[in-house]
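Q: Take a look at the letters that make up each chain.
2 protein chains.
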Amino acid sequence: MTPINLLYAHSGGVTAVINATAAAVIEAARAQPGRIGKVFAARRGILGVLAEDLIDTGALDAGALARLARTPGGAFGSCRFDLPADEGEAVTDRLFEVFAAHRIGALLYNGGNGSMDAVARLSAAAQARGYPLVCVGVPKTVDNDIVGTDCCPGFGSAAKYLATSMREAGLDIASMAGRKGSVFVMEVMGRNTGWLAAATALAAGGEADAPPHIVLVPEVVFDEDAFLARVREVTERLGYCAVTVAEGIRKADGSLIMAKSRDERGYVQLGGAGSAVARLIHERFGYKHHWAIPDYLQRAAGHWLSATDRAQAMAVGRAAVEYALAGQDGMMPAIRRLATTPYQWDVVPVASGGIANLERALPADFVAVDGLHVTAAACDYIRPLIEGEVVQPTVGGLPDYRPFALPGVPRQLRPWQG
Amino acid sequence: MTPINLLYAHSGGVTAVINATAAAVIEAARAQPGRIGKVFAARRGILGVLAEDLIDTGALDAGALARLARTPGGAFGSCRFDLPADEGEAVTDRLFEVFAAHRIGALLYNGGNGSMDAVARLSAAAQARGYPLVCVGVPKTVDNDIVGTDCCPGFGSAAKYLATSMREAGLDIASMAGRKGSVFVMEVMGRNTGWLAAATALAAGGEADAPPHIVLVPEVVFDEDAFLARVREVTERLGYCAVTVAEGIRKADGSLIMAKSRDERGYVQLGGAGSAVARLIHERFGYKHHWAIPDYLQRAAGHWLSATDRAQAMAVGRAAVEYALAGQDGMMPAIRRLATTPYQWDVVPVASGGIANLERALPADFVAVDGLHVTAAACDYIRPLIEGEVVQPTVGGLPDYRPFALPGVPRQLRPWQG
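Those protein sequence lines, which keep their order, are chains U and A. Per the numbering used here, residue 2 is the first one in the first sequence, and the count goes up by one each step. Per the numbering used here, residue 2 is the first one in the second sequence, and the count goes up by one each step.
Treat the hints with care, as some may be off.
[Claimed, not checked] In silico SDA-like cross-links for lysine to any residue, where the CA-CA straight-line distance does not exceed 25 Å:
{"id": "1", "chain 1": "U", "residue 1": "289", "chain 2": "U", "residue 2": "224"}
{"id": "2", "chain 1": "U", "residue 1": "289", "chain 2": "U", "residue 2": "373"}
{"id": "3", "chain 1": "U", "residue 1": "289", "chain 2": "U", "residue 2": "235"}
{"id": "4", "chain 1": "U", "residue 1": "39", "chain 2": "U", "residue 2": "67"}
{"id": "5", "chain 1": "A", "residue 1": "181", "chain 2": "U", "residue 2": "192"}
{"id": "6", "chain 1": "A", "residue 1": "181", "chain 2": "U", "residue 2": "39"}
{"id": "7", "chain 1": "U", "residue 1": "289", "chain 2": "A", "residue 2": "257"}
{"id": "8", "chain 1": "U", "residue 1": "289", "chain 2": "A", "residue 2": "84"}
{"id": "9", "chain 1": "U", "residue 1": "289", "chain 2": "A", "residue 2": "181"}
{"id": "10", "chain 1": "U", "residue 1": "181", "chain 2": "A", "residue 2": "115"}
{"id": "11", "chain 1": "A", "residue 1": "289", "chain 2": "U", "residue 2": "393"}
{"id": "12", "chain 1": "A", "residue 1": "252", "chain 2": "A", "residue 2": "208"}
{"id": "13", "chain 1": "U", "residue 1": "289", "chain 2": "A", "residue 2": "251"}
{"id": "14", "chain 1": "A", "residue 1": "289", "chain 2": "U", "residue 2": "115"}
{"id": "15", "chain 1": "A", "residue 1": "181", "chain 2": "U", "residue 2": "407"}
{"id": "16", "chain 1": "U", "residue 1": "181", "chain 2": "A", "residue 2": "93"}
{"id": "17", "chain 1": "A", "residue 1": "289", "chain 2": "U", "residue 2": "235"}
{"id": "18", "chain 1": "A", "residue 1": "181", "chain 2": "U", "residue 2": "37"}
{"id": "19", "chain 1": "A", "residue 1": "289", "chain 2": "A", "residue 2": "327"}
{"id": "20", "chain 1": "A", "residue 1": "181", "chain 2": "U", "residue 2": "373"}
{"id": "21", "chain 1": "A", "residue 1": "181", "chain 2": "U", "residue 2": "95"}
{"id": "22", "chain 1": "U", "residue 1": "289", "chain 2": "A", "residue 2": "259"}
{"id": "23", "chain 1": "A", "residue 1": "39", "chain 2": "A", "residue 2": "251"}
{"id": "24", "chain 1": "U", "residue 1": "181", "chain 2": "A", "residue 2": "95"}
{"id": "25", "chain 1": "U", "residue 1": "181", "chain 2": "A", "residue 2": "417"}
{"id": "26", "chain 1": "A", "residue 1": "289", "chain 2": "U", "residue 2": "289"}
{"id": "27", "chain 1": "A", "residue 1": "289", "chain 2": "U", "residue 2": "67"}
{"id": "28", "chain 1": "U", "residue 1": "181", "chain 2": "A", "residue 2": "181"}
Don't read these hints as lab results, they were simulated from the structure. On a predicted model such as this, the values are computed, not experimentally measured, just so you know.
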């Protein structure tokens, strides 16, 4: 049998460990020289496939792969691009032209819910066209919202970073607590689900009255009165109050909590939920108010990776190569929890078509009855995912994230006009 | 000679290594049992002295002290409180009552510019009253703006955290760069000086076109046209642009760059420089825009300390105890740079009266001629201060920052009515 070439692509927002998955894919594929020929990576995800802009990962030696496996961001570039629903589209034609031109027999697509939809569609398109392609989805998202897997690579490291940040900022604000009262609000990612917000509850470490005192998640309608009453109660008692807010919290009418206003020139200004909530507290009670928005920092914190998360990111990469070789078309390696204490897990295949475009919210028993915090069950679920550290070699006091040599594969087709 | 008691107090905003200074003070004082009796710490800084709310640090065993030396925040509590200028004030009377009641012969005051003024004034007040007190200032500030010392404990760790954060967020945004253009703005602390903003320039590690592409500091008037032109040039060329903004940048008329506006209910909304600059870019060019505000996270990041910074924080603590015992009243241990490559430093005494209330800005040759970045000279100065890592023991994947047992000293005076 002639070896097939394998194509790996990032899809959607990147994480602190998506490169670890990529490195594991490349390593696992190299371990099968009789069955896998070249390992290509798409530059900028599916847009790179359309542009026939492929990288030959053969240029990455063992040292570079080890470094890739601890470098945050997406080394090959990513994009947000939805495949057209109509499979007769020129886009799909072009993808298969590129696959054929480079003898690609396996596509490993590393993304979230939307990417699993793309995997299912490309799998169907290949069958319809009679093109020999095995499509495998590889899970990734800091949002932890993919259905069919116990957790998602990328989440554990972001969760560890945010829980650490809340614990540390909490010590800072506690130091300055006084009679006037101060509040600290940290806005975390999560437009529709509260997984990352929930992770900050681990900061308390089981200590009563330790930060965060309030955790607001999108699964619960924002109740301004109940929220303000709790802020006041905590601040009057402790001198300060630390709050985690998911960016996507909403009012009963479905509108986002954000500081929407017109500036002096008439432009509409949009502030995030964090600043809106901090200002709301300040306006009501006059407390000193601070807010933090880690933004990209929370999904790129390679200096403080969860070793568990990174191990899982690599395991799904290796499993995806196995599935490709076993012809398990349209499947995604999922993480299965075997035990929580001590934590045990393995990787099992699930069909991408069955989970595509779904979104896993926090289960009801992970949210406190009053809607202002998360439960011990949520903490028990998340805790093992943030455990373990990864030592990052440094140069000049900073993590060594030197750029990689990523030579392009010679083009064989006409330029894409899409 | 009867041993004196020593009183240590945090003052002003805390840092990731102010507890390291505190731990070094306690250790150094314990090593002089014949000359120093008790080591007290004020709860909540000078407010705790006024309230006669003192902590007996004797409760901290060697293990607790080692843990204190790697715990961010101010374990004893701090405050912002200016001593009244008139030394005849009731406040000063009360302070000396408390000193006398607890046989305090040395005050170690750990703060910034304003605190050095307090040291000079308390020193003068003690002499005027004939009270035998040695006052020693101990430097601390993430702002790095104390005059008379080459650098300030607290700065190096915040600088390391911010440079790491810019390098990591830069990898994330570079992964997603595309034809539409995206910008990332990180707002860092620095109301009047650009030391922390300058530190993020280390993220580039000497690579051309690496983030941050623009660094805005308060020492330079914000030139909107020049700034936007640079943003456009970088984004059109690279697909993205990463910007560091110090919170205190100002226009030519002296006003802060912030999103000041009225919301729908008529309340004035204040956004920081980071969101204002990000929105300005978005409005002008339509680029996708993100902004991060690390806020307290940048001065509390104990999980990613600079070992150099921590060593200096401990060295000034030990030196302060030496000065107290040598009767070097009104002095502050300063860090002196002996060589940059390899970095060598020592600690020397400077008079707090001569440096009080001054503020050290970035020197002119640390800022690029166009005002949109900092120079290689700035990077050369900052680089050694962020070097070295401190391994943080973790529990459950998070740094072990358990609370400390901090028993109060029995009160001997009437309650303070101030």
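Q: So, against the hints stated earlier in the document, which numbers end up violated here?
A: 6, 9, 11, 12, 17, 18, 19, 20, 23, 26, 27 and 28
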